[in-house]
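Starting from the given sequences, assemble the full structure and let the hints guide the process.
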Amino acid sequence: GVLLIFTGQSAIPSIYRQLRDLRANSANYNNYIALLENLKEVTPDNAIILAPPREPNKIRAYGARGTYVSWKEGGITLLDGKSGREWFVRLHEVEAVFGQKNLEVLQKYAQAKNIRYIIYNTNEISTDKKQLTLLPVLLKSGPFVLSENLNLSPEIHSN
Numbered sequence: 221g222v223l224l225i226f227t228g229q230s231a232i233p234s235i236y237r238q239l240r241d242l243r244a245n246s247a248n249y250n251n252y253i254a255l256l257e258n259l260k261e262v263t264p265d266n267a268i269i270l271a272p273p274r275e276p277n278k279i280r281a282y283g284a285r286g287t288y289v290s291w292k293e294g295g296i297t298l299l300d301g302k303s304g305r306e307w308f309v310r311l312h313e314v315e316a317v318f319g320q321k322n323l324e325v326l327q328k329y330a331q332a333k334n335i336r337y338i339i340y341n342t343n344e345i346s347t348d349k350k351q352l353t354l355l356p357v358l359l360k361s362g363p364f365v366l367s368e369n370l371n372l373s374p375e376i377h378s379n
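For the sequence shown, this note's numbering assigns the number 221 to the initial residue and increments by one for each residue that follows.
Accuracy of the hints is not assured; some may be wrong.
Here are the simulated SDA-like pairs of lysine to any residue, each with C-alpha atoms no more than 25 Å apart in a straight line [unchecked claim]:
| # | residue 1 | residue 2 |
| --- | --- | --- |
| 1 | K302 | E324 |
| 2 | K328 | G301 |
| 3 | K360 | A254 |
| 4 | K302 | E275 |
| 5 | K302 | E313 |
| 6 | K302 | N334 |
| 7 | K321 | L370 |
| 8 | K333 | N277 |
| 9 | K278 | N334 |
| 10 | K360 | T342 |
| 11 | K333 | R280 |
| 12 | K321 | D265 |
| 13 | K321 | R310 |
| 14 | K260 | P363 |
| 15 | K278 | N322 |
| 16 | K321 | I268 |
| 17 | K333 | G319 |
| 18 | K260 | G286 |
| 19 | K302 | N322 |
| 20 | K260 | N371 |
| 21 | K260 | F364 |
| 22 | K302 | H312 |
| 23 | K260 | V309 |
| 24 | K302 | Q331 |
| 25 | K321 | A247 |
| 26 | K333 | N245 |
| 27 | K328 | D300 |
| 28 | K278 | K333 |
| 29 | K360 | N322 |
| 30 | K360 | N371 |
| 31 | K328 | L370 |
| 32 | K302 | K321 |
| 33 | K328 | A316 |
| 34 | K333 | A316 |
Here are the simulated distance ranges between beta carbons [unchecked claim]:
| # | residue 1 | residue 2 | range |
| --- | --- | --- | --- |
| 35 | D300 | N250 | 35 to 45 Å |
| 36 | E324 | K302 | 24 to 34 Å |
| 37 | R305 | A254 | 34 to 44 Å |
Since the hints were derived computationally from the structure, they do not count as laboratory data. Every residue gets a Cβ at the ideal spot worked out from N, C-alpha and C, and that includes glycine.
Dropping the structure here:
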């Protein structure tokens, strides 16, 4: 009885959960890196990608592509009043858009900002399967997808 109580109150269950989660997260991380490493095959060098604001460093390092906004740019842009304000607005807009977990909202935001490419995790988007067919899929690795937004304004062609 004492051993059972000790085991239940010890860190053993917590360690087990962390190891289980590590294995799942490791597979997801590998899928994400695989997607990023293939960005160069399907996007132009000057592509700008809409992605969650915490992901740009990985996108730049593994995919060699730029992103619409990065949380890390804040320290630099805050030194320039106008750029700092623009960065602050972009950051909060993109966090809010991804926070809605709705592919249609992502698509509309990308269209409004003339962003051609979107990276998202299908596990973090609405479970409505019809919604997942809104945009053409260029790459898929596990739950991670690179989609192309084809409804851009004609005056912007570089992205």
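Quiz prompt | Unmet hints by their number, sorted upward, for this structure | solution = Violated: hints 1, 2, 12, 19, 23, 26, 27 and 32.
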